[in-house]
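Engineer: Protein sequences, first through last, are from chains A and B. Taking my numbering, I'd label the letters of the first sequence as residues 215 to 522. Taking my numbering, I'd label the letters of the second sequence as residues 37 to 330.
These aren't lab readings, by the way, just hints derived from the structure by calculation. Owing to the predicted nature of the structure, the values given are computational and were not obtained by experimental measurement. Just to be clear, a hint being listed does not mean it is correct.
If we take Cβ atoms under 7 Å as the criterion, some of the chain B residues that face chain A in the derived model are [claimed, not checked]:
1. G103
2. A192
3. K203
4. A214
Reference listing, derived: stretches of chain B covered by chain A, where coverage requires no fewer than 3 residues with Cβ under 8 Å from a Cβ of chain A [to be verified]:
5. 121-131
6. 269-277
Derived pair list, reagent style DSS-like, types lysine-lysine, alpha-carbon separation capped at 27 Å [to be verified]:
7. A:K280 x B:K130
8. B:K259 x B:K141
9. B:K130 x A:K228
10. A:K261 x B:K136
11. A:K280 x B:K185
12. A:K280 x B:K39
The beta carbon of each residue, even a glycine, is placed where N, CA and C say it ideally should be.
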Amino acid sequence: MNKQLAEQLRKRSKAAWLERIGKIVSFSALALITLTVFAIIIFVASKGLATFFDNHVNFWNFLTGKNWNPTITDKSGQPEVGALPMITGSFVVTLLSALLATPFAIGTAIFMTEISPRRGARILQPVTELLVGIPSVVYGFIGLTVVVPVIRTIFGGSGFGILAGTFVLFVMILPTVTSMSVDALKTVPRYYREAALALGATRWQTIYKVILRAATPGLLTAIVFGMARAFGEALAVQMVIGNAALMPSSLVSPSSTLTSVLTTGIGNTVMGSLDNNALWSLALVLLVMSLIFNLIVRLIGRKGAMHK
Amino acid sequence: MKKRWLAGLLVVILIVLGVVGYQNRQVTKADMSITAVGSTALQPLVEAAGEDYSGTQLGSFINVQGGGSGTGLSQVQEGAVEIGNSDVYAEEQKGINAAKLVDHKVAVVGITPIVNKENGIKNLTTKQLIAIFTGKVTNWRQVGGHNQKIVIINRAQGSGTRATFEKWALNGHQSEPAQEQDSSGMVRQIVGTTPGAISYVGFSYVNKTVQAVNINNVAPTDKNVETNKWPVWSYEHMYTQKNANQLTRRFIKYVQSSKIQHTLVRQLGYISMDQMDVTRTVQGHVRKVEGSHE
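The shape of chain B in the complex, shown without the other chains (with noise of 0.2 Å):
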C-alpha cells in the first residue's frame, strides 16, 4: 500500500514538474538565451551584469560560465558560446585567429606584486623584480629585505594575470619555473601564510593579509593605472563572432554602458573604461586619449 502511495506521489511531482517545465519553456529559446564563458578574472562582473540585464529584459536569460581565458576565446571561435572572455588580446593566445573575432573591451585591471608581510619590502625597481622572477636574487636580503628565502608563486602557464604580469612588470622576461597555482585567492592565502613568499593579483584581490608592492616608488593605485604610471595593467575583453545575435550585441552595448561603467564596474574592483586617460593597443603602444578629463 505504502509503495502505491509513493507512486503517486512521483507521478504528481512529475507532472508538476512538466507543467512548469512546459511553461518556462520561452525562456531558453534559442535566441533569448545566450553564453559567456572564459576569463575567471572578468566572470564577477558579466555574472552580476548578466543579472542586471536579465532583471531589465525579461525572457533573456545571460549564462556565464568559467573555465579560463584560453577556454572563452576557443569556445567562441568555434561558435560553440556567444560570448568569450579573456583577460588577453585574442592575437596574443596560440591558436585563436584574432581575425575572425570581434574585441569588446568592458574594463581594465590593475595587477600588483604582492609579498608576505614580514619580507620587509615595500617597493621594488623593475631590475630587482626581474632578478627575483628569474631566480638571480634568491633571498630578500639582497634586495633590502629580511634575512628571509624567496619563495616564487605564480600562476598557472596561459593565465592572463600571469602574462600580463611577466609582459609589463617584467619587460617580458619569462618567470622561472616555480609554484603554480590556478586561481588568484588560492595565491592571495598562500602569499599571506608563507615567509618569504611574492606573487601577483588584480587590485581587487589585495587585502590586509599581504602587502602590496611599489614598483619604482609608484603605487599601485587606480588613479596611476588611468593615467599609465602604472604600466602593469590589462584589458578585460569579451569576444564575439562577427555576425552575433542581436541579444549578444545589446548585452555587450549594455555591459559597456555608463550605468554599468559606473557602478558595477568600479563596486567589482574593476576600472573603468572611461576612466583611463590613456589607450594601449595589443602591441603596447600607448597614445592620450583626447579630450580626457584632466
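Same shape as in the complex, but just chain A (with noise of 0.2 Å):
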C-alpha cells in the first residue's frame, strides 16, 4: 500500500503534465511572436538602409531634400531621394487629426463615464465601437466622394491635400482615442468623486479640477495611440490626399504620407533597385517612428501611474 503510494507521489500527476504541456504552449506562442517581431525589423532595417550603404544616399539628403524622384539623379550625380515631403505630410496630419479629436474624443468619455454612463453604455458605446469595425476603404471613399468635394467648394483648389486627410483620419481615431480615455476616467477611484463632492465642489468643478487632473497620464496614452493609428494609416489618407510628393505649400495643396507614397510605389519598382530601397527607407522612417509612439506611451504610464 505504502509502496503504492510513494510510486504515485513520485510520478507525475496528470496535473502536472497538463501544467507542463500548458507552459510550453504558451511560450512558444511567446516566442513565435517575439521572432516574427525581430524578423520584421532586421527585414525592414536591412532593406531601408541598403538606400544609405548600397546605394549611398547620404542620409541628410534623404531626410531634408525636398525632391522625390527616385528614378532621376541631380546634378551632383545623386538620386532623389529627398523624404521631407512625406515626412511633414505625416506628421502634420497626424498632429492635426489628434488635434481635432481630443476634444470630442474627451467630451464623449466625460458624458459617458460621469454625466451619463447608463445613456453612454447604452448608446455611444455600441455607436464607437461600430466607427472601430468600419474598414479604412469605406473611409476613404467617403472622404473622396464626400468631404474633398465640399473641401474644393469652400477653399478652391483641388480639394485633395491635408485637410481632407484631417478629416478623414479624425473620424477614423476618434473611436480609438474615446475607448481609450473612457478606460482612462474609470481608473479614477470612486472616492476621489466622494471627496471631492463632499468638499462641496459642483459636478464640474469635479471634473475638471480632480478627476481629469487624475486622468491626464490615461488621457495622454489614448491620445499618443491614436496619433500612432493615424501615423500609421495608409488607404484611406491615400485616397484623400492626392499623393504628390510636394511640400504642402497650404492646408488645401496636394500632398503625400510616408504611407501613401509607399502603398502606391511598391508594386512599379524591382527589388533591390534603388527606388525600392528608397521606398523600404520610408518603410523603415514609419517602423521607427511607431517604436517611438511605443516608447512614448510606456513611458506615459511608467512616469503616472496612479499612487493609491
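Hey, can you piece these two chains together into the complex? The hints should help.
Structural biologist: Now the structure itself:
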C-alpha cells in the first residue's frame, strides 16, 4: 500500500503534465511572436539601410531633401530621394487629426463615465465600437466622394490635401481615443469623486479639477495611441491626400504621407533597385516612428502610474 | 453536453475538409499550376484567359495576381513565378536583366489624355500637352479652354501607363511633380469630378464621365493605333524565363492564339496583335507589317 502510494507520489500527476504542456504552448507562442517582430524589424532595417550603404545616398539629404524622384539623378549625380515632403505630410496630418479628435473624444468619454453612464453605455458605446469596425477603404471612399468636393467648393483648388486627410483621420481615430479615454476615466477611484463632492464641489468642478487631472496620464496615452494609428493609416489617407510628393504649401494643396507613397510605389519598383530601397527607407522611418510612439506610451504609463 | 456536440461537429467538418482536400490534391501539383503576377492593366485579360484555359484543360490551374509591372518583372526574374506581366519592355525597367527573360507580346493598349468635361478642351497639340505637364501652362484659357486652373493627375512613378504617356505623348519629357494615383479607375473618377483636371488612361477606361482629347487632331481610336497615327500605345508583355515549363508555354500560346485574340482581347478593350499594321521595337523604331490587311 505504502509502496504504491510512494510510486504514485513520485510519478508526475496528470495535473502536472497539463501544467507543463500549457507552459510549453504559451512559451512557444510567445517565442514565435517575438521572433516575428524581430524578423520584421531586421528585414525592414536591412532593406531600408541599403539605400545609404549600397546606393550611397547621404542620410542627411534623405531626411531634408525636398525632391522625391528616385528614378532621376540630380546635378551632383545623387538620386533625388528627399523624404522631407512625406515626413512633413505624415506629421502634419497626424498632429492635426489628434488635435481635432482630442476634445471630442474626451468630451464623449466624460459624458459616458461621469454625466450619463447608463445612456452612454447603451448608445455611445455601440456607436464608437461600430466606428472601429468600419474598414478604412470605406472611410477613404466617403472622404473621396463627400469630404474632397466639400473642401473644393469652400476653399478652391482640387480639394485633395492635408485638410481632407485630417478630416478622414479624425473620424478614424476618434473611437480609439474615446474608448481609451473612457478606460482612463474609469480607473479614477470612486473616493476621489466622493471626497470632491463632500468638499462642496459641483459636478463640473469635480470633473475639471479632480477627475481630468487624475486621469491625465491615461488620457495622454489614449491620444498617443490615436496618433500612432493616424501615422500608420495608409489606404484612407492615400485616397484623399492627393499623393503629390511636394512640400505642402497650404492645407488644401496636394501632398503625401509616408504610407501613401509606399502603397502607390511599391508595386512599380523592382526588388533590390534604388527606387525600391528608397521606399524601404520610408518604411523604416515609419517603423521607427511607431516604436517611438510606443516608447512614449510606456514612458507616460510609468511616470503617471496612479499612486494609491 | 452541448460542448461535446459542438466538438463532434468540428471533427466531422475537419474530416470532410481533409477528404475533399485529399481528393483535390492533384490540381495544385507543381507542374499543373502556374502563377502570373504583375501589371494590373493586363490582369483582366490574363484572368479571363486563364479561366478559359483551365476550363478546357482540366487539372491545370492559372493563378493570376496583380502587384504592378515592376513586381511582375522582378518576380519572374527571380523565378518565384512562371509569368511576369508588364506594360513596359523589360529593357526599360531598372534592375531587370532583360537578356535573361523571354518577351511574349499578347496585346496592345492605346493610351489617351483625358480631361474634365467642363474644361472646354477637345484637342491639344503635342507642344501644348508638354507645356501643360511640365507646368509652363497653368490655365486652360492659355490653350483655348475656359478660365480654369489646370490640375494635373499622374499615375504613380514607375507605372507603365505613365511611362508610355511620357515617352510617346510628351516626347520623353518628365511630368512635373503632381498628384499621383495608383490605379486607372481612381484617375478616371478624380478627373471626372475635379474641375480643371487632366490625366491619361487606357482606351478601355474612357467613358462618358470624362472627355478624351485628340492630339494634333488625331482621335484616340483603335484604328489610329493600328496604323500608328496615334503613337501613344504600348504592348502588353508576358515575360517568362528562358526554360519555361510546358504549361507556361502552352498557356502563352493559348493567349496569343487567334481564338483569344479575336474574342477576349477585343471584348476587354485591348487591341489584338494581329490587328496591328505596324510593329515597334523597344528603341521605338516603327515598321510596317509585311502583308498587313490594308
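Engineer: Please flag the earlier hints that this structure goes against, numbers listed from lowest up.
Structural biologist: Per hint list: 3, 6, 9 and 12 violated.
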